[in-house]
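Line by line, the protein sequences give chains A and B. Going left to right, the first sequence walks through residues 6 to 307 as the working numbering numbers them. Going left to right, the second sequence walks through residues 27 to 412 as the working numbering numbers them.
Bear in mind the hints are in silico, worked out from the structure with no lab data behind them. Keep in mind that the hints are not guaranteed to be accurate.
Some chain A residues judged to face chain B by a derived CB distance under 10 Å, without partners named [what the hints assert, rightly or not]:
#1 Ser-58
#2 Asn-71
#3 Ala-77
#4 Thr-123
#5 Lys-222
Partial list, derived from the structure: chain B residues whose beta carbon lies under 7 Å from chain A [unchecked claim]:
#6 Gly-77
#7 Ala-91
#8 Asp-403
BS3-like, lysine-lysine: derived pairs with alpha carbons at most 27 Å apart [claimed, not checked]:
#9 B:Lys-219 <-> A:Lys-90
#10 B:Lys-391 <-> B:Lys-361
#11 A:Lys-43 <-> B:Lys-367
#12 A:Lys-93 <-> B:Lys-221
#13 B:Lys-68 <-> A:Lys-93
#14 A:Lys-42 <-> B:Lys-221
#15 B:Lys-391 <-> A:Lys-43
#16 B:Lys-219 <-> A:Lys-43
#17 B:Lys-334 <-> A:Lys-90
#18 B:Lys-219 <-> A:Lys-93
#19 B:Lys-211 <-> B:Lys-68
#20 B:Lys-303 <-> A:Lys-90
#21 B:Lys-361 <-> A:Lys-93
#22 B:Lys-262 <-> B:Lys-312
#23 A:Lys-90 <-> B:Lys-68
#24 B:Lys-367 <-> B:Lys-262
#25 A:Lys-253 <-> A:Lys-192
#26 B:Lys-221 <-> A:Lys-90
#27 A:Lys-201 <-> B:Lys-76
Virtual Cβ for every residue (Gly too), placed ideally from N, Cα, C.
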Amino acid sequence: MAIKEIPTEEYYLPGSAACPGCPATMALRIVFKAIGKKMIMIVPACCTAVIESLHPNTSFNIPTMNIAFEAAAAGASGVEAALRKQGKDDITVVAWAGDGGTYDIGIQALSGALERNTNFIYICYNNQIYSNTGIQRSGATPKYAAWTTTTVGGKTEYRKEMGEIIQAHHIPYAAQACISYPEDLYKKIKKAKEIKGPKYIEIMAPCPPGWRFGMEKTVEMGTLSVETGAWALYEYENDEIKFNGISKLLLEEKINPKPIEDWIKFQGRFRHLFIPKKDVKKLKEIQDHTNLIWKRYRKCYL
Amino acid sequence: MNNVMIDTGNYIAAKAAVMTQPDVVAAYPITPQTTLVEGIAKYHETGEFKGEYICVESEHSAMAACIGASATGVRTFTGTSSHGLLLMHEMLHWAALARLPVIMCNINRVVGPGWNIWADENDSISQRDTGWIQFYCSSNQEIFDTIIQSFKLGEHEKVSLPVMINYNAFILSHTSMPVHIPTQKEINDFLPKRKPLWNLDINNPITFGNIILPPEYEKVRKEMQESQENAKKLIKEISKEWKNKFGRYHGDLLELYECEDAEYILLSMGAIGAESKVAINNLRKKGLKIGLARVRTFRPFPKEEILKISKNSDLIVIDRNISIGMEGALFSEIKASLYGKSDSKVYGFISGLGGKDVTFQDIEKMCEKVINGKANDLEWYGLEGV
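Chain A on its own, in the form it takes in the complex (with noise of 0.2 Å):
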């Protein structure tokens, strides 16, 4: 699809307290126009909550609940069961968290809902860490990325691979998805809109603060996480993976992926990794570690 043919209508008004080059408010601009007027949202504690505006102005054109930090996808459900009580079975219901409120605290309501086969659409906005609170690690942080509590050497463990542990579920439909490519975040969202059932979407959202590079990078940063494999991009339908765009080719090995260092270089987190000299064995282990990654992507998915 060309770019043009998404929606011109704006749900996002002007107005909103994000950072500059926020990678949540470029995800939502997308979802909103993705899903529409008919939709009602449920936001845990996380950036949105900031990103919204102050009470009583809002940035957000879609009725939007906020709801404790662990309780997203159980708020939703009751929205959920209310509105199918009431005959409303139009209006798509969206739980919005962030990576804290999805891989760790909000893990349990999460699996719960999906478990329950709930009617609704759970996006979780990736941005690998606790930005909110200024910036703690999350189990989505990768290995020896650094965070405000750390003392030099990062993250001594790997990330969760939640996109598995929602396939577990065995739900219809999830996919991967990332700010750099909006026409594939609108076309996974508007296919999740149609399904009914339970459906997760995650974006890979870049955070220049939390990640602290350049405000004005927040792009270049999600195409390099795809284009060096840091992150996939794929679609999961009826218990079967496709992987799209770039990450297809990478998949298929039609392309070579870029070294892993491309990405993280530009990145304040990992700056111990490069000063006061580059630390080989660390980055041949982050660089191993994604190659092993991929390595079962395709003995599972090819």
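Fit chain B to the given chain A structure using the hints.
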């Protein structure tokens, strides 16, 4: 109309909840609440309950789902107990601050460790400051009547707050009693449809619960306090209306029994409140001028009413809870209500913690200890070695 159902507190609560025709029930099982939600599930299967029933994966999610449903403007109900209530704690605040009238039964049960499933009121007493209205019931009939009345109260535009109906584990939850059940039409005539203060509506998009600055937030808190004050008046009106329609009355904020000429008034809540009436009868037979003020609402707290009854009486308080480091919660609240306005003496007993039985004989002994001038300000009744 005189349809009598003989059943346990939980099944009676299920019947009452279903007769209010809630749109969404979300619940998670915990002993001794289980038969309440099983009862609702049974009505769901038979079609008597036509709402949506969500079997959530935790009590935290039960309350979150009720909040989500209630935010669309519909009627919601749930039930829990003890640890379940404690897990909900964050969402209890959320429901009240969002002004969503979720109605919930809490079956008062001991908090662990160690594991103990019997009656104790520390679970709900520790939710005192969440903004919820709290009732304490002393019979299955009162459970039924209070649930129906609570929907009218909580959903009233001058209140718009969630309501917790508390009753003691097993003593009421698993004990059968005959209960008069009105017809569905009579309930429908009594209970109007909910008119929400705000709701999630695609034709009127609002953002609820975003960042709020101190002056605005303080206003929200003040409005909640005013709503609890409004509830005091409405509880009286609604119980009077119920009495006129159905001929039953359990008191309003307080239930007064033999208080007119009383030199001593006993104050207690829940099942101990029911047992206290037997004790009062026996003490009266001995010629003692004693009455009972059973506290039905812990929030809003009946401070004016208690001040009034203290004019000619000293007060004896039995708490089935303790605020560790202070004293029984009811005892504290009563003394605070009298401060600077009454010369009455107030005596406090802690009794029945961990589900220990509190019989009318026990209650008589506590009262006689006070009347004979042998009681200290705070006593642990019946505890070995005390």
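Is A:Lys-90 within 27 Å of B:Lys-68, Cα to Cα? The given pair, whose Cα atoms are some 19 Å apart, holds under the 27 Å limit.
Restraint check for A:Lys-93 with B:Lys-221, where alpha carbons must lie at most 27 Å apart: holds, 18 Å
Hinted pair, alpha-carbon criterion (27 Å max): B:Lys-391, A:Lys-43. Please report holds or violated. violated, 66 Å
Hint check, B:Gly-77 versus chain A [nearest Cβ-Cβ separation less than 7 Å]: Holds - the Cβ of B:Gly-77 comes within 7 Å of chain A, reaching about 6 Å at its closest.
Hint status (Cβ of A:Ala-77 to nearest Cβ of chain B, threshold 10 Å): holds, 8 Å
Hint consistency between B:Lys-361 and A:Lys-93 [alpha-carbon to alpha-carbon, up to 27 Å]: violated, 52 Å
B:Lys-391 and B:Lys-361 were given as a pair; does the straight-line alpha-carbon distance stay at or below 27 Å? holds, 22 Å
Restraint check, 7 Å cut-off on beta carbons, for B:Asp-403 near chain A: Interface hint status for B:Asp-403: violated (41 Å vs cutoff 7 Å).
Decide if the proposed pair is consistent with the structure: A:Lys-253 and A:Lys-192, CA atoms, cutoff 27 Å inclusive. With Cα atoms ~16 Å apart, A:Lys-253 and A:Lys-192 stay inside 27 Å; holds.
For the hint on A:Lys-222, does the least C-beta distance to chain B fall short of 10 Å? Since chain B brings no Cβ nearer than about 28 Å to A:Lys-222, farther than 10 Å, the hint is violated.
Closest C-beta approach of A:Asn-71 to chain B relative to 10 Å, hint status: With a minimum Cβ separation of about 3 Å from chain B (threshold 10 Å), the hint on A:Asn-71 holds.
Does B:Lys-262 pair with B:Lys-312 here, judged by a C-alpha cut-off of 27 Å? violated, 33 Å
This entry does not satisfy hints 5, 8, 11, 15, 17, 20, 21 and 22, going by the numbered hints stated previously.
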